[in-house]
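Peer 1: Okay, here's what each chain looks like letter by letter:
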Amino acid sequence: MSTVLERTKAPARERARTVGRRRRKGLVGALYAAPTAVMVGLFFVVPLLLVVWMSLHRWPLLAPPTLNVPDNYTKIGDNQLVGSAVWFTVKYTVLLTVLLFGLALGLALLVQRRRRGVGFFRTAFFLPMAVGFASASLLFLGLLSDEIGPINGFLRWLGVVDGYISWTSGSGTSALSSAMLLVLWRFAGFNMLILLTGLQAIPLEIYEAARIDGAGRWQIFRRVTLPLLRPTIALVLTMMTTGSLLAFDQFWILTRGGPDNTTTSLVMVIYREAFIKLDLGSAAAISVALLVALVVVNVVQLGVLRRRSS
Amino acid sequence: MQRTSRANRFAFSATGGALAILFLFPLLWSGYASLRTSSGFGLENYDRLFTSDNGIRPHNVVNSLTVSALTVGGTLLVATLGGYAFGRFKFWGKEALFLVTLAILMVPYATILIALYVLLGWLGLQDSLIGLSLVLIMFQLPFSLFMMRNSFEAVPAELDESAQVDGCNSFSTLTRILLPAVRPGLITVGLFAFLTSWNEFFAPLILLNSTDKFTTTLAVVNMRTASHGSIDYAALEAGVVVMAVPCLILFAFMQRSYVRGFTSGALKG
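Going line by line, the protein sequences match chains E and S. First residue of the first sequence? That's 1 in this note's numbering, and the numbers climb one at a time after it. First residue of the second sequence? That's 1 in this note's numbering, and the numbers climb one at a time after it.
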């Protein structure tokens with residue numbers, strides 16, 4: 001009797017001990033993860049909920065908030081600046097994503113194989129990333145200026161223009177082009193690097209097999225490189241569209257949103273509502289709308305790219 | 001065959017070279033413009049940058065260094081402990097926490113910065129360098145946690161086991177055995193945290209109000225945005241150089257480990 005008991009007890013005790021050890025190990029793991037959980041909870045999850053809560057209130061910068069559902073949202077429709085900013089931000093996002101993606105992919109293809117000079121080229125393309133975006137915006141402000149910039153002098157020397165052109169504030173088109181030039185310069189190398197990691201993950205044997213089958217260069221690019229690169233392309237495009245829809249620094253610093261608000265982005269409108277009009281509720285409502293739009297764009301974009309890959 | 005490959009090599013060098021010049025030109029030009037004066041070359045523009053009413057004050061540099069040090073230190077601490085937890089332990093809520101942390105990338109901060117402004121006010125951290133640093137640490141976490149988890153996972157588990165046989169507990173295993181093994185990841189995370197916090201503009205613009213709290217970036221941008229009338233472009237380019245030089249130096253030292261850490265992190269899913 002006692003032997004039977006002991007025989008059944010022993011594994012149970014053993015199991016209890018391993019369960020206990022596992023539970024303790026789980027507790028230790030949770031302890032190491034606690035700082036992450038606190039940081040993410042307090043400074044990400046709480047503000048995310050708070051911005052929704054704020055959007056339901058009249059929330060002046062310096063007075064207590066009062067509930068006013070859904071005024072902040074209905075007001076968005078009446079705000080003319082929001083309308084023009086939405087249109088401008090979408091236009092900028094589409095134009096920039098196309099150009100930046102083309103340039104980054106071109107650079108990545110150019111430097112994908114190891115040969116002489118590749119290291120130098122990669123560094124040269126990536127180096128602008130070491131300059132902060134705000135600093136880069138100021139750099140281009142001087143570079144494109146009439147006062148000390150070399151561009152106008154060079155173009156006059158070429159005979160393309162006579163007199164001075166005010167690139168960053170002369171017209172809506174030239175202001176937009178200035179900002180896009182800055183963003184292309186600053187971010188092409190970064191996106192090149194990500195695309196490069198994707199390109200280098202494609203096994204060389206696949207290229208060889210395609211070549212043996214008689215595929216030309218363009219065919220290999222279309223039928224082999226592009227499909228296998230699709231996950232990386234999805235990542236890069238998502239980052240580009242998200243970044244562009246949230247554009248701020250380049251327009252705040254380089255064009256000041258002008259001329260006549262033609263280059264005022266949505267995030268600039270949010271800033272203006274909050275800290276110039278001192279209406280945090282309205283700023284929060286536009287933020288929530290932008291947030292929803294971003295999630296929708298990302299989901300649709302990833303869905304389309306994934307479906308086309310399968 | 002020989003001829004086409006030589007033509008090919010020439011086309012490669014010519015295209016790459018022309019593009020490299022285009023990419024390097026703005027950087028070289030800003031250095032040139034910052035040194036150029038009415039009478040030739042000199043440091044007059046830097047003199048105006050540091051002494052005129054509008055420009056960089058010593059306290060701006062101190063503020064920037066404080067924010068950078070707090071952000072780099074805090075990011076390394078949180079991401080190392082978190083990466084260790086995610087790379088080595090199973091615990092309740094692990095997957096959920098990882099997903100929520102990565103979601104920070106999907107919800108970029110311009111949209112929640114207004115709420116952070118209010119929240120930091122409630123916590124008594126409005127207009128404070130510590131509050132700004134906490135926000136910057138949070139925004140570094142998705143990338144940093146991902147990097148550190150991958151770094152810890154790349155270290156063989158036998159290393160921990162033998163350390164534990166030798167009597168190490170989980171914390172001394174981390175500090176004595178694992179930290180040296182994940183050094184490349186730590187360097188990448190630290191470098192990225194420094195570059196972001198040193199250069200960040202939007203978060204300090206919203207979270208800092210008083211000029212004695214302003215970082216160098218805010219001070220330099222103010223030379224443009226707060227100038228009524230004409231902008232001192234040459235001093236502005238000097239400011240760009242002052243901001244960029246620490247980053248370029250760090251970048252030159254750490255480029256190899258940075259790019260390696262980046263690619264290994266990007267390749268692992």
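In short, the hints are calculated from the structure, not lab data. Note that beta-carbon positions come from the ideal geometry of N, C-alpha and C, so glycine has one too. Certain hints may be false.
[Stated by the list, open to error] Distance ranges between label pairs, derived from CB positions:
| no. | chain 1 | residue 1 | chain 2 | residue 2 | range |
| --- | --- | --- | --- | --- | --- |
| 1 | S | SER162 | E | VAL38 | 30 to 38 Å |
| 2 | E | SER84 | S | ARG36 | 37 to 45 Å |
| 3 | S | PHE41 | E | VAL161 | 24 to 32 Å |
| 4 | E | ILE202 | S | ALA11 | 16 to 24 Å |
Peer 1: Falls inside 30 to 38 Å, the C-beta gap from S:SER162 to E:VAL38?
Peer 2: Holds: the Cβ-Cβ distance is about 32 Å, inside 30 to 38 Å.
Peer 1: Has the hinted range 37 to 45 Å been met by the Cβ atoms of E:SER84 and S:ARG36?
Peer 2: holds, 39 Å
Peer 1: Within 16 to 24 Å: is that where the Cβ-Cβ distance between E:ILE202 and S:ALA11 falls?
Peer 2: Holds, since E:ILE202 and S:ALA11 (Cβ atoms, about 23 Å apart) stay within the stated range.
Peer 1: Within 24 to 32 Å: is that where the Cβ-Cβ distance between S:PHE41 and E:VAL161 falls?
Peer 2: holds, 29 Å
Hint violations for this structure: none, all hints satisfied.
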